[in-house]
Amino acid sequence: MKLVMAIVRPSKSEDVKDALAKQSISGLTVTEVRGHGRQKGHTAIYRGKEYSVSLLPKIKIELVVPDDMVDDVIWTIMQTCRTGEIGDGRVFVLPVEQGYNIRTGERDVL
Amino acid sequence: MLSQVSALRSTYESERKRLDETFLYHGDVDRYLDEHSDLVDEIIRALYEPLLGQHEICVLATAGYGRREQFPQSDVDLLVVHDFQDDSRAEQIIAPFLNNLWDTRLALGHQVWRLDQLERLTLDDFEFILALFNGRVVTGSQVMGKEVLERILPAFIEAHRDQLVEQVVAATRRRHEKFSNTIYQLEPDLKEAPGGLRDHLAASWLERLVGSPPFLLYSGSEIGVAHRFLKRLRILVHLQNQRPDNRLTHSIQEQLLPHLGYGGMKIQAGVESLMKEYFLNARVISGLCSALLRLAQPSASERPLEPDELPPFDSISEVLEAFRISLDEERPLSPATRRAVLKSLPKVSESISFPALRDPLKDLFRPRSGLYRVLSDFYELGVLELLFPEFGTIKARVIRDFYHKYTVDEHTLIAIKCIEDLAGTQETADARFGTILRDTVAPCHLTLSLLLHDVGKSRGGKHTDASARMARRALRRFRFDREEVETIVFLIREHLSMSAVIFRRDIDDDQVISRFADLVGDPERLRLLTLLTYADIKAVAPGTLNDWKKDLLWQLYLETYRKLTLEYGEKRIEEEDIGERLVRGLEPDLDPLEFERFLEGFPTRYLRQTAAGEIYEHFRMSTRISPSNPVESVLQRRRGYYELCVTTPDRKRLFAKIVGLLSYFETNILRGFAFANRQQTILDIFQFSDERRFFRQAEERRRFRDLLRQAVAEQISIEQLLRGKEESILFQRTTPLFEPTVYVEDEHSDRYTILEIIAPDALGLLYRISSQIASLECDIDLALISTEGDKAVDVFYLRQRGGKLSAELKESLKDRIVGAITQH
Chain L
1 MKLVMAIVRP SKSEDVKDAL AKQSISGLTV TEVRGHGRQK GHTAIYRGKE
51 YSVSLLPKIK IELVVPDDMV DDVIWTIMQT CRTGEIGDGR VFVLPVEQGY
101 NIRTGERDVL
Chain Z
1 MLSQVSALRS TYESERKRLD ETFLYHGDVD RYLDEHSDLV DEIIRALYEP
51 LLGQHEICVL ATAGYGRREQ FPQSDVDLLV VHDFQDDSRA EQIIAPFLNN
101 LWDTRLALGH QVWRLDQLER LTLDDFEFIL ALFNGRVVTG SQVMGKEVLE
151 RILPAFIEAH RDQLVEQVVA ATRRRHEKFS NTIYQLEPDL KEAPGGLRDH
201 LAASWLERLV GSPPFLLYSG SEIGVAHRFL KRLRILVHLQ NQRPDNRLTH
251 SIQEQLLPHL GYGGMKIQAG VESLMKEYFL NARVISGLCS ALLRLAQPSA
301 SERPLEPDEL PPFDSISEVL EAFRISLDEE RPLSPATRRA VLKSLPKVSE
351 SISFPALRDP LKDLFRPRSG LYRVLSDFYE LGVLELLFPE FGTIKARVIR
401 DFYHKYTVDE HTLIAIKCIE DLAGTQETAD ARFGTILRDT VAPCHLTLSL
451 LLHDVGKSRG GKHTDASARM ARRALRRFRF DREEVETIVF LIREHLSMSA
501 VIFRRDIDDD QVISRFADLV GDPERLRLLT LLTYADIKAV APGTLNDWKK
551 DLLWQLYLET YRKLTLEYGE KRIEEEDIGE RLVRGLEPDL DPLEFERFLE
601 GFPTRYLRQT AAGEIYEHFR MSTRISPSNP VESVLQRRRG YYELCVTTPD
651 RKRLFAKIVG LLSYFETNIL RGFAFANRQQ TILDIFQFSD ERRFFRQAEE
701 RRRFRDLLRQ AVAEQISIEQ LLRGKEESIL FQRTTPLFEP TVYVEDEHSD
751 RYTILEIIAP DALGLLYRIS SQIASLECDI DLALISTEGD KAVDVFYLRQ
801 RGGKLSAELK ESLKDRIVGA ITQH
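Quick mapping for you: the protein sequence lines, in order, are chains L and Z. 1 is the number of the first residue of the first sequence in my numbering; add one for each residue after it. 1 is the number of the first residue of the second sequence in my numbering; add one for each residue after it.
The reader is advised that the hints may include incorrect statements.
[Claimed, not checked] No farther apart than 25 Å at their CA atoms in a straight line, the calculated lysine-lysine pairs in the DSS-like style are these:
1. Z:K457 to Z:K395
2. Z:K462 to Z:K178
3. Z:K395 to Z:K462
4. Z:K550 to L:K60
5. Z:K791 to Z:K810
6. Z:K550 to L:K17
If you are wondering where the hints come from, they were derived from the structure by calculation, not from laboratory data.
Taking the hints into account, I'd like the entire structure generated from these sequences.
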């Protein structure tokens with residue numbers, strides 16, 4: 001089981017959800033976040049004054065998938081979010097030791 | 001005793017079953033509650049006789065049971081009064097009675113008091129005292145019961161009336177607070193939520209303590225219907241839940257449809273109709289409760305305007321005036337005014353002259369403190385619907401999507417409140433939107449578009465288009481200017497566009513911003529649309545517009561503003577930009593080739609922002625220019641402002657001369673555009689207000705035209721004309737309101753150096769700035785002039801000898817401009 005965590009542009013979150021749904025992945029968590037990577041914000045000019053946009057709004061998508069689906073999921077996210085411009089985002093994969101369904105009390109077997 | 005208890009339990013269960021089934025069949029609320037109370041009474045009496053009959057004891061029903069409103073899953077609230085001096089003896093005698101009652105499975109909530117202890121009640125027993133308000137004797141000593149209900153309780157109320165009022169008001173306000181002070185709950189608690197049954201109860205307590213309110217919007221029978229509807233829902237919810245849960249949850253809403261006459265509808269439509277009915281009734285109860293809260297504890301700011309009766313209003317204009325005064329004085333309408341409004345509406349509605357109401361309405365809709373309160377009154381008393389029947393179509397309309405907290409009408413009013421709040425907000429994430437609001441030229445366009453932005457939700461299809469159509473009809477009824485109608489209709493039609501770009505487009509993509517800027521067209525519309533989007537999202541539910549979304553909205557605003565100002569002049573009209581339709585529309589005496597030549601070189605936005613008729617008029621003016629007539633000007637009076645168009649072959653310092661002359665006449669330049677085409681024909685358009693009313697006089701208008709001609713021909717000196725005024729104490733501002741910003745840059749344009757100035761507006765400011773530009777021999781190819789409140793915001797596209805300005809020239813220009821602004 002792996003946790004796939006992707007930071008993507010806000011405009012791409014719906015596309016990612018749709019693309020993952022086509023792979024029969026329906027369970028995911030979406031969070032509105034702010035941050036920066038290499039795209040270290042930028043400076044906008046407004047009324048002749050510089051206005052710093054240092055932490056950019058992004059979407060964090062998290063989903064836990066079986067090991068054998070990890071590559072497909074990463075490929076789908078990257079394919080959907082890639083524009084080639086700075087700010088496209090990041091994907092991280094983390095190991096997951098255990099998972100439980102709180103309602104049923106069952107342990108996940110993925 | 002065991003067998004009797006068991007028999008009573010069976011009786012209760014079978015009778016309850018019968019009552020429940022009969023209720024589901026006939027739906028008679030009063031009968032159900034009455035018969036259920038009778039049933040509980042019988043069980044209590046049956047156990048009282050063998051267990052307590054020989055003692056001096058009284059059993060009283062209190063709270064809901066006392067009111068004979070025994071709901072299926074409610075507690076049976078009892079007060080047992082005795083006069084045993086020995087408490088243990090009392091317990092020994094009374095405990096078996098209560099235990100047996102428990103065993104019948106009644107959900108008992110009981111209190112046991114010695115009669116003399118009741119004499120020593122304190123305010124700590126506040127809730128118990130309120131429960132006693134509705135007390136009645138079920139069985140036992142009538143004398144004791146009378147003593148409690150007719151002597152002890154009234155005496156306590158008499159002695160502690162003010163404190164009781166205070167506590168009821170505080171408890172009600174605390175309870176409302178828990179529900180964010182709104183009746184609009186997605187899954188309302190029928191008992192506790194504002195507009196729920198406890199509000200009705202609190203109102204009845206307060207009425208007993210302080211009397212009836214001087215004004216109630218709803219009649220006694222309307223209140224009775226609303227109260228009965230809530231009770232009916234609560235019975236059904238209890239029967240459905242089989243537990244004392246009063247929440248009208250999403251799943252219960254669906255399950256109740258067949259019992260409330262919505263069984264034949266699709267679930268979505270049925271639930272929306274049910275919730276609409278709920279909110280309409282909750283509004284009545286909430287209105288009743290609010291009236292009593294106001295009566296019980298009027299706050300200083302709620303001091304109404306006039307105390308006594310008023311004669312009915314003669315016209316709707318007078319009604320509007322009453323609302324305006326209430327708004328300006330920041331005090332609510334008095335009960336007398338409300339009564340007078342209600343009484344007057346049938347008569348005044350017979351003869352409404354809508355066009356005469358346009359200006360008062362625009363003034364009323366100006367965002368300021370108290371607007372939401374006044375519009376809510378406006379709506380509540382029926383005036384809003386009278387003027388805008390379109391708004392009536394969304395009354396209590398529910399959108400069931402687990403996202404919209406409020407009904408459509410309340411969402412609309414809250415959205416207007418969000419704008420009202422912006423003016424005074426200190427929150428940093430919101431303060432920046434407040435600055436946009438202060439910069440808008442006509443903020444009433446914003447509130448009017450908010451008022452009508454969702455009216456199309458009462459129609460099928462795309463609600464933005466339907467709302468736009470309905471708004472156009474409404475605004476025409478009031479004879480709003482064409483330009484105003486177009487702006488408001490545009491805002492309504494596009495009210496979801498900005499959200500769509502933010503959440504579904506990449507706002508780092510320059511093309512996305514360009515397309516959006518093309519859609520919006522000018523900075524004023526951008527400001528209005530940004531604020532409309534801000535308020536529309538914020539009014540969906542508390543927390544919907546979080547800081548994250550605000551950042552995205554702000555970022556899109558900034559990028560688009562940059563496109564509309566700093567990059568305005570990048571795209572110039574080429575031959576292929578001029579549509580055939582535009583050329584075909586030319587009158588026969590005008591030459592199409594000349595027309596195209598006239599347009600080539602102006603910014604492409606000129607074509608988009610200017611109506612075809614005006615473009616033809618500008619061209620016609622240019623055809624009248626000749627060596628003997630080097631300047632052609634047209635001055636037109638519009639609603640609320642004047643528009644001056646000047647066209648002439650390129651003339652030195654022309655721009656400075658015109659603005660200098662406009663300053664001399666003390667006009668306030670609202671917007672200005674200066675364009676130069678490829679042939680260096682200049683087209684300058686100025687919109688200005690004439691606060692000193694010089695232009696109302698034909699003589700002054702003639703003088704203006706003469707002076708303009710003389711100035712262009714260098715026969716007079718504008719500087720000299722202005723000096724007289726500038727040196728007058730009347731026009732000398734000692735301290736600037738804020739530090740001016742002068743920004744010169746090359747980045748946003750390949751061909752021009754852009755000069756952006758934000759400075760406190762002052763007499764002759766634009767003249768001084770443009771004179772400095774001219775003195776450095778810079779050509780103004782494009783100027784975008786606007787006055788936003790007391791701020792002048794001017795953007796100039798400059799070139800010198802066909803190229804951008806050199807670094808030294810830019811420095812020197814900046815220094816001179818700063819000097820020109822601050823010298824005054």
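| Any of the earlier hints contradicted here, and which numbers? | 2
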